[in-house]
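Engineer: Once you've looked at the hints, dock chain E against the given chain S.
First to last, the protein sequences are chains S and E.
Residue numbers for the first sequence follow this note's numbering, beginning at 1 and rising by one.
Residue numbers for the second sequence follow this note's numbering, beginning at 254 and rising by one.
I should point out that these hints are in silico values taken from the structure, not numbers from a laboratory.
Only a predicted model underlies this, so the values are computations on that prediction, with no experimental measurement involved.
Just so you know, even glycine gets a beta-carbon here, dropped at the ideal spot from N, CA and C.
Be aware that one or more of the hints could be misleading.
Unchecked claim - Some but not every residue of chain E turned toward chain S, in silico, with C-beta under 8 Å:
hint: 1; residue: 300
hint: 2; residue: 306
hint: 3; residue: 307
hint: 4; residue: 316
hint: 5; residue: 494
hint: 6; residue: 495
hint: 7; residue: 520
hint: 8; residue: 521
hint: 9; residue: 524
hint: 10; residue: 549
hint: 11; residue: 569
Claimed, not checked - Derived lysine-lysine pairs resembling DSS-like cross-links, with alpha carbons at most 25 Å apart:
hint: 12; chain 1: E; residue 1: 605; chain 2: S; residue 2: 150
hint: 13; chain 1: E; residue 1: 357; chain 2: S; residue 2: 103
hint: 14; chain 1: E; residue 1: 642; chain 2: E; residue 2: 627
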Amino acid sequence: MLLRSKKYIPLMLVLTVMVLSSCSRNPNSPGTEYAPQMYVSIPYEPYTQVKKNPLNPTGMNLRKPPEGTVARKGHYNMTVENDKGERSALLVYNFPAGEEGLKMASKVSNPLALPKDSAAIDKYILEECQPLYERYCQHCHGATGKGDGKVNDQYKGVANLTAGAQKTNTSGHIFHVITHGKGRMWPHKQIVTPEERWKIAYYVHKLQGRLHEAVANNRSDKNTSKAKADEDKKTDSTAKKEAKKPEAENKGH
Amino acid sequence: MFSKNRLNYLKYLSVWAFALLLIPGALWAQDSTKTGGGGDVAAGKTLFDNNCQQCHSPGADVIVGPGLKGIMDRRSMEWLIPWVKNSAKVIASGDPYAVKLYNKYNKTAMQSFSLSDEEIKNIFAYVQAYKPGPTGGSEQVDPKGQTANTGSGQSNYFNLVLGVLVFVLILILAVLFLIISVLRRYLNQQENEGKLDEEDKEILHEKFNIGKVLRHPALLGGVAAIFLLVFAQAGLDTLLSVGVQQGYAPTQPIPFSHKLHAGQYEIGCEYCHTGVRKGKNAGIPSANICMNCHNAVKQGSPSMQKIYAAIENNKPIEWVRVHNLQDFAYFNHSQHTVVGGIECETCHGEIKEMEVVQQQSPLTMGWCIDCHRKTVVQGAQDKGDGKAKNAYYDKLLEIHQKDSKKPITVENIGGLECGKCHY
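In isolation and in its complexed conformation, chain E is listed as follows:
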């Protein structure tokens, strides 16, 4: 009885499984018949990507204009073709649907496209065949994943080598212990047989006296010396770190991640810090630069609400300044980025890896001077390395190279003068 029931159940299941297997195939078959008459889907996709995707989604979501999902149910091809070719004309003709659409989307007119009827049909064939999911994004994600994989692969390799090393060391230790115990046993045996003299016995029975070792003046002196040195070092470090804010990483009012923006999304430094090549300060972006993307991205997050509130109330966000160069030293960003051709990372560290920005460089005078001593002045002829090109140094370099083989550094052109920075 039971077994028969079970058999039935299995039959029932298999029928359903078979049916489920058929469904996607049937759907696909339906799609292909439906679109086969309308136009070429692949050609439509290219056309759509090049002309339409910046304003329309083939799915249901609104980008600038309406999502095109189900467009063929809403509108006929006879209406769509003139609309794509010249939407302004359709609106002007007083078509009620067109006027309604125009008003609904903030009176933003769709631009006119000089596409043929056939091309427009292809586009809508693609829109109809579009299924959300596998398309888009995957290509861009892949390389990242690969690099991450190779990175972890390297660290795995390192761990393996480390493990083998530790194992070998432990093995050596074990062998040494074994040798000691064998030797000891041999000596004990010799002693029992009375073959050892007094001196040997003394060595064999020597006990390690911890107290005696500890009381030894050499050890005490050594310990005291190390103690003093450590304290002196700590004291000196504390004194030298007065006014040096290296490692300062304050919590900001909005947890802006440079790792995400500059690292993952590869937004250049100058996109937000617009002054970095134009003036003394690199500048903190105003909220309107955030809005270039965040008018659509992550609108719901509480941090974004702070930015929206800042714009609405005209109350700027109070970021905490990380790099506080003392006022008695003058520093100009454009001099270093444009003339010096220095990359941002040279002084600010791997910003692209920083979740919270911290001061990487000490910003001490020694640090400035060190770089000024080492940096070679670039003229227009030193090109090819992506460095700055300063044609106005060319004559100077030419004259200099006549008499000297040594390169000319920032120090030589007054980079160490007191008045350069302190005035």
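The following block holds chain S by itself, in its conformation from the complex:
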């Protein structure tokens, strides 16, 4: 009897190991918690929630801001400073959606100041602008802007940014298209902040091989007060006037 029970020891051992190893966790269960009352925030956290919030219509802690709310401080810059310490607006809310707005926006040049020498410009584009394009645009418009991103396999009608009608688009045009969408592209204003949109516009110019034009524009832009030569420059200066308004609000930023 004793012998027999001992004979089963290896068998039992094998069985135990099997049982223990088969107890893998249910992927749907978060596992045992020791002190859940310490795990969950007592104040409302936007993304952590264990029970329905009775105060909000959707039952979520997260609430949509009231219609027409303008995000100001802490979220993103509404204005930008150039190297002379002048502030100009990032043209956040100036142009309406649609054809008319697009026409108006197309005449506006990029308010972001580019660095002086070309090496610094390259660095600025590489570090500040390219990552934004890669994050928000590349999957559709492709790494080279030819509209050959991977999403294009599914979502037809992606624009080639470097050829045809798109090749000559101004920064303002690009800004407006990112903001309000165009053709098949939906508005991306909720995803990309105004400052980021202008930076993306610079990178698109680089893909188009037109960065030098943008640089030239940017330079002439600074001298608008002196020389009001052509029509484009006039519109730039009007844009600057508008820019003065939000300045006061943002002083305490």
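Structural biologist: Only chain E this time, still in chain S's reference frame:
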């Protein structure tokens, strides 16, 4: 009789086959004559791809504007050229077809194109010559297929090596058995001839006694010890896994695949998790980000219906949170992504391979501290590796490097202070 019939049948078949062979050629010939007069198809294709394809398909399907299949049957070139150059002008002139078209497509005006008459003719020559099928997509599919092939090739190679190894081992075993049997036969022969003494015989006739071996205290002790250790290990693991949700992969209300979106379609993390560089939470995208593509892609799928319903009823989708960091530990995404320059995958694992997202890292304090001890603080001068550039550490690093050769880590700048995370 039968054979004659069969011969006729064959003749009949061959005539038909010949005719079938001719048809595509005839069609092609027709096409080339038709388009040859209109314009240059190849030039038209480039122009079309650069200017038109984002709104129009050369086939029959509607993208933004109407599909252009059969456009030359519907409209004349005299009408089309002014339309392409300035559609708003044609609409304003009160042309009934133009007004109807404008109203049909949600009053979206086609933009004006500064193309020459010749270029416009080339475009329509391409549209006319267009045949759906071989064009598009194939180029993008190929590289993927190639990588998949090389991947499977590698695994095949591995399997082959494994197979050869197993074969060699089996061969060695067989040889050993052979040697044993030969030796045994030799010894038996020797015994029969009476050449072995008692001691040798004992060894030769020794029987393996399983019971005796099992009753041996050393074995029993060993088994008991292993048994205890395994149980102790299991118990310890269970205790240590309390509150650790590593491997948690809950089923979501919509089976969203990161493998498809982030992997196959290469959509960046920040496109949907917009807060990851801007705030504490990376954020779960609202349904309107889904709609940037899914206004057209996979409209019919039941999961998409859930998203449409969520938008219509203003009822957000209740995703199940995967990474539940306890509230008593503070964590901020932007601090780690922007300042630390950490890639998403460092903590979240190979998201691009995950069909269902699971928690890859333990999110325990030990895990946090470990990284804080190892991570070297980056200043602006450590550039070139794609890491963060924090010019505000430069002075600190400069002073530090005067006295010490050891790199400065997150620990040294207060990364292990209790109050950093627990307050």
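Engineer: Give a verdict on every hint.
Structural biologist: Going down the list of hints, with the structure as the test:
1. Against a cut-off of 8 Å between C-beta atoms, the interface hint on residue 300 of chain E holds, since the closest Cβ of chain S lies about 7 Å away.
2. Interface hint at residue 306 of chain E: satisfied, since its Cβ lies 7 Å from the closest Cβ of chain S, which is below the 8 Å cut-off.
3. The beta carbon of residue 307 of chain E comes within 4 Å of a beta carbon in chain S, closer than 8 Å, and the hint placing it at the interface holds.
4. Annotation: interface hint on residue 316 of chain E holds; nearest CB of chain S at approximately 4 Å, less than 8 Å.
5. The closest approach between the C-beta of residue 494 of chain E and any C-beta of chain S is roughly 6 Å, which is under the 8 Å cut-off, so the hint is satisfied.
6. For residue 495 of chain E, the shortest C-beta to C-beta distance to chain S is roughly 5 Å, which falls under 8 Å, so the interface hint holds.
7. Checking residue 520 of chain E against chain S by beta carbon gives a least distance of about 4 Å; that is within 8 Å, so the hint holds.
8. The interface hint given for residue 521 of chain E holds, since its Cβ lies 4 Å from the closest Cβ of chain S, which is under the 8 Å cut-off.
9. The criterion of a C-beta within 8 Å of any C-beta in chain S is met by residue 524 of chain E, whose closest approach is roughly 6 Å, and the hint holds.
10. This hint holds: residue 549 of chain E has a C-beta 6 Å from the nearest C-beta of chain S, less than the 8 Å allowed.
11. Proximity of residue 569 of chain E to chain S holds as hinted, the smallest CB-CB distance being about 6 Å (cut-off 8 Å).
12. Taking the CA atoms of residue 605 of chain E and residue 150 of chain S, the gap is near 14 Å; set against the 25 Å cutoff, the hint holds.
13. At roughly 23 Å between alpha-carbon atoms, residue 357 of chain E and residue 103 of chain S fall within 25 Å of each other, so this suggested pair holds.
14. A hinted pair counts as satisfied when its Cα atoms are at most 25 Å apart, and residue 642 of chain E with residue 627 of chain E qualifies at roughly 18 Å.
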